[in-house]
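Single-letter residue listing:
Number of protein chains: 2
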Amino acid sequence: MGSDSTFAAQKRASGGLPTTVATANGVRGRAASVIPRGRQIHKTFNNIKITILCGFVTILVLRGTIGLGNLVSSESDAENQQLIEETNRILAEIRSDKDPTDPDDQTGEFLNPNVTYTLGPRITTWDEDRKVWLQKNPEFPNYVNGKPRILLVTGSPPNPCDNAIGDHYLLKATKNKIDYCRIHGIETVYNMAHLDMELAGYWAKLPLIRRLMLSHPEVEWIWWMDSDALFTDMVFEIPVSKYNEYNMVIHGYPDLLFDQNSWIALNTGSFLFRNCQWSLDLLDAWAPMGPKGPIREEAGKILTANLKGRPAFEADDQSALIYLLISQKDQWMNKVFVENSYYLHGYWAGLVDRYEEMIEKYHPGLGDERWPFVTHFVGCKPCGSYGDYPVERCLKSMERAFNFADNQVLNLYGFRHRGLVSPNIKRIRNETVTPLVNVEQFDIRHSVHPSSGSRS
Amino acid sequence: MGSDSTFAAQKRASGGLPTTVATANGVRGRAASVIPRGRQIHKTFNNIKITILCGFVTILVLRGTIGLGNLVSSESDAENQQLIEETNRILAEIRSDKDPTDPDDQTGEFLNPNVTYTLGPRITTWDEDRKVWLQKNPEFPNYVNGKPRILLVTGSPPNPCDNAIGDHYLLKATKNKIDYCRIHGIETVYNMAHLDMELAGYWAKLPLIRRLMLSHPEVEWIWWMDSDALFTDMVFEIPVSKYNEYNMVIHGYPDLLFDQNSWIALNTGSFLFRNCQWSLDLLDAWAPMGPKGPIREEAGKILTANLKGRPAFEADDQSALIYLLISQKDQWMNKVFVENSYYLHGYWAGLVDRYEEMIEKYHPGLGDERWPFVTHFVGCKPCGSYGDYPVERCLKSMERAFNFADNQVLNLYGFRHRGLVSPNIKRIRNETVTPLVNVEQFDIRHSVHPSSGSRS
Numbered sequence: 021m022g023s024d025s026t027f028a029a030q031k032r033a034s035g036g037l038p039t040t041v042a043t044a045n046g047v048r049g050r051a052a053s054v055i056p057r058g059r060q061i062h063k064t065f066n067n068i069k070i071t072i073l074c075g076f077v078t079i080l081v082l083r084g085t086i087g088l089g090n091l092v093s094s095e096s097d098a099e100n101q102q103l104i105e106e107t108n109r110i111l112a113e114i115r116s117d118k119d120p121t122d123p124d125d126q127t128g129e130f131l132n133p134n135v136t137y138t139l140g141p142r143i144t145t146w147d148e149d150r151k152v153w154l155q156k157n158p159e160f161p162n163y164v165n166g167k168p169r170i171l172l173v174t175g176s177p178p179n180p181c182d183n184a185i186g187d188h189y190l191l192k193a194t195k196n197k198i199d200y201c202r203i204h205g206i207e208t209v210y211n212m213a214h215l216d217m218e219l220a221g222y223w224a225k226l227p228l229i230r231r232l233m234l235s236h237p238e239v240e241w242i243w244w245m246d247s248d249a250l251f252t253d254m255v256f257e258i259p260v261s262k263y264n265e266y267n268m269v270i271h272g273y274p275d276l277l278f279d280q281n282s283w284i285a286l287n288t289g290s291f292l293f294r295n296c297q298w299s300l301d302l303l304d305a306w307a308p309m310g311p312k313g314p315i316r317e318e319a320g321k322i323l324t325a326n327l328k329g330r331p332a333f334e335a336d337d338q339s340a341l342i343y344l345l346i347s348q349k350d351q352w353m354n355k356v357f358v359e360n361s362y363y364l365h366g367y368w369a370g371l372v373d374r375y376e377e378m379i380e381k382y383h384p385g386l387g388d389e390r391w392p393f394v395t396h397f398v399g400c401k402p403c404g405s406y407g408d409y410p411v412e413r414c415l416k417s418m419e420r421a422f423n424f425a426d427n428q429v430l431n432l433y434g435f436r437h438r439g440l441v442s443p444n445i446k447r448i449r450n451e452t453v454t455p456l457v458n459v460e461q462f463d464i465r466h467s468v469h470p471s472s473g474s475r476s
Numbered sequence: 021m022g023s024d025s026t027f028a029a030q031k032r033a034s035g036g037l038p039t040t041v042a043t044a045n046g047v048r049g050r051a052a053s054v055i056p057r058g059r060q061i062h063k064t065f066n067n068i069k070i071t072i073l074c075g076f077v078t079i080l081v082l083r084g085t086i087g088l089g090n091l092v093s094s095e096s097d098a099e100n101q102q103l104i105e106e107t108n109r110i111l112a113e114i115r116s117d118k119d120p121t122d123p124d125d126q127t128g129e130f131l132n133p134n135v136t137y138t139l140g141p142r143i144t145t146w147d148e149d150r151k152v153w154l155q156k157n158p159e160f161p162n163y164v165n166g167k168p169r170i171l172l173v174t175g176s177p178p179n180p181c182d183n184a185i186g187d188h189y190l191l192k193a194t195k196n197k198i199d200y201c202r203i204h205g206i207e208t209v210y211n212m213a214h215l216d217m218e219l220a221g222y223w224a225k226l227p228l229i230r231r232l233m234l235s236h237p238e239v240e241w242i243w244w245m246d247s248d249a250l251f252t253d254m255v256f257e258i259p260v261s262k263y264n265e266y267n268m269v270i271h272g273y274p275d276l277l278f279d280q281n282s283w284i285a286l287n288t289g290s291f292l293f294r295n296c297q298w299s300l301d302l303l304d305a306w307a308p309m310g311p312k313g314p315i316r317e318e319a320g321k322i323l324t325a326n327l328k329g330r331p332a333f334e335a336d337d338q339s340a341l342i343y344l345l346i347s348q349k350d351q352w353m354n355k356v357f358v359e360n361s362y363y364l365h366g367y368w369a370g371l372v373d374r375y376e377e378m379i380e381k382y383h384p385g386l387g388d389e390r391w392p393f394v395t396h397f398v399g400c401k402p403c404g405s406y407g408d409y410p411v412e413r414c415l416k417s418m419e420r421a422f423n424f425a426d427n428q429v430l431n432l433y434g435f436r437h438r439g440l441v442s443p444n445i446k447r448i449r450n451e452t453v454t455p456l457v458n459v460e461q462f463d464i465r466h467s468v469h470p471s472s473g474s475r476s
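So the protein sequences, as listed, match chains B and D. Just so we're aligned, residue 21 is where the first sequence starts under the numbering used here, counting upward by one. Just so we're aligned, residue 21 is where the second sequence starts under the numbering used here, counting upward by one.
Rather than coming from a laboratory, the hints here were simulated on the basis of the structure. Errors might be hidden in some of the hints.
It does not matter which identical chain is used: a pair holds within one copy or between any two.
Straight-line C-alpha distance at most 20 Å; calculated SDA-like pairs for lysine to any residue [stated by the list, open to error]:
hint: 1; residue 1: 156; residue 2: 137
hint: 2; residue 1: 151; residue 2: 456
hint: 3; residue 1: 446; residue 2: 406
hint: 4; residue 1: 167; residue 2: 202
hint: 5; residue 1: 262; residue 2: 352
hint: 6; residue 1: 151; residue 2: 466
hint: 7; residue 1: 355; residue 2: 258
hint: 8; residue 1: 151; residue 2: 457
hint: 9; residue 1: 416; residue 2: 331
hint: 10; residue 1: 312; residue 2: 133
hint: 11; residue 1: 446; residue 2: 214
Chain B on its own, in the form it takes in the complex:
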């Protein structure tokens, strides 16, 4: 509107000029009969100047309003703009790809609320089937060197982030996970596909976990980890033997869960599921609030009404799990370990400013508030446009967490970051002709687990 009134004013101004000139002409015209020829020439000259001026004004109006000034922008701006446009065009073409002949390629249709959603046909004999399979396939054991086989699962949507910097931090977070998993002999799956369009978004982990369990019988634990969670203790290992009698390990607080029914009593950004029948059953009980549309909307109202502190929004997987475990406590809780002795999930805001203090006072391997196992950037949403925190604070904090972790990896190679905000590294040990001395001293795998090197 501002531009309209300004433009209108300019239009009136330019539209008014001819009137003024005409008036001036008229004035001068009336006086022409008494003004000498020389004066007439001057007046004509003035009129010409005013006309030229009008022309300038018109051009400037156009320039400012429709951006003709861009025609004279720097060459690189034009190239950048062209690059961005080309990129967007091809991506739009990619994203719009649909197969009209495919009855399954339907978007926009919501599940009938009267039909209970299921993740798949109900399996009831998974424990026995899996046991038989493992016996028949000894080359695919579920325990290696006395350690259960763990599969770390993470992922992100298939499309580029709304915010350009988001993909860069997804990449860094992925490198972070690659490092931890290499050091600790954990396999990784990075998912970028929607296995079930009904359960898109944060619910997507449910069909994914089920699918991976059933496709990887050799895996003993499936460990889901959000894309915005970083390992910050590269030495700490999950004390799996602590959970021999459990099928799910999740970070949280029992009093928040059962006494307060708080919607943040547990965190589904980092948790473990044993590959067993119980877990399949829990997933089946968990999923019904998930299908997008009216089901998820209505479920969200139930959750907000029943969970302390929960804002009003559609059902999310974390609230749904909390509600499920509260309302069916007796059925599930004997196999759920609510863990808070270390940061299986560590909320970032209380941690990232203390890294220097941690470096000074403590050491990797503790996994708790002294040296957090996982720093989880809840609410930052670097991939989207609207996080819950200021962008600068989030980016800087993620950079610090990444470098805090990377220092622990680079230590073996004799380097560390120049500062927790710097991408640049500096040497902390000179090159030597006897590098194997450093391997024995600084390779995390040698200190953690004498037999972890071969994963055999």
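The hints should help you fit chain D onto chain B, whose structure is shown.
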């Protein structure tokens, strides 16, 4: 320059106006003595109108030139702009981080050309030292289940890509490598640090490879792979036993190398180095053309003069290796396997349009022109601003290669992409209550290597 002359013209125009007015005043002034008072008022009125007009013109000049018009852009544009500015600001702060007290934190200084660059102190007993270490550390064997231990090394610069879409494709390429390595029991290192500022850019792989060899004595082969190379045959495995007598495996053509001295006779985008003394020696012989500045510039001239088809630019690692192997053929070539029976490196332009034909006629596992092992997007440079090919062609082709590969991974889970350009997937097998049947049939590891499952 265009904008400068236009602005100058506008400046002259606006700067000229007062002169015109003054002249007009002067003209009118001389006539004042003979013009009645009414006319005087009219003239004053005209002057005021011209002054106001000047004011408008000035404002419009400012608006068009410095973009005050942006103040009235749409709200979301303003938010986006703010987001981008905040992001750039914090990133600039991050990138500018320097420690003024650190004598090593010096940029902009080039190595003295009279001093021969070295990657590190010369090691001469690596084979013996490593052998002793392996004997003393049986829990870190270099052969597992009869297979030599391979470490795949890749990476990208620590800063976000110049082109926003670049980080998204780095992420996808990383997922692609995670998948292949998981299936084949290969460990991965993703490097995002400059270990040696002298050898930045494509040369960075040299100090990295050396550092990893010396820090991971348990690794038998280091496999460097560019960030713009994708696995497109998820079944094919490198026939390592073929290279028992060799220390380096690189894709190329011997006739191009020795008969034509072509600068593209070999490709350093995907190659293997055995972890041994010979490789350390080769790295030492390879590195001297690398240090940035006058050394690299001068070396580039030598390479252009001696290698067929090489354009004029600074020395790159690939040309330098080719030149080294040609000029010191007798010293090195008996241990270098120039491989072209499968696509250890597959130049993308001749491959990506044939994927549908491959799907129709062939199957994974061949690794050659029928089903390329690796599709390498040489020249696309999605992370930078200026690739050698049109952006659209590159992005679409990378999308196709990624999905062509991803289909082979998703096959186990019962899905494939809707089309080679689509991020969306469709079910190709119904869910079943007996999922283990599908595992035995579709898990690549079961077909490739009966004992590959445990990596033990």
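Ascending list of hint numbers which this structure does not respect: As far as the earlier hints go, 1, 3, 9 are violated by this structure, in ascending order.
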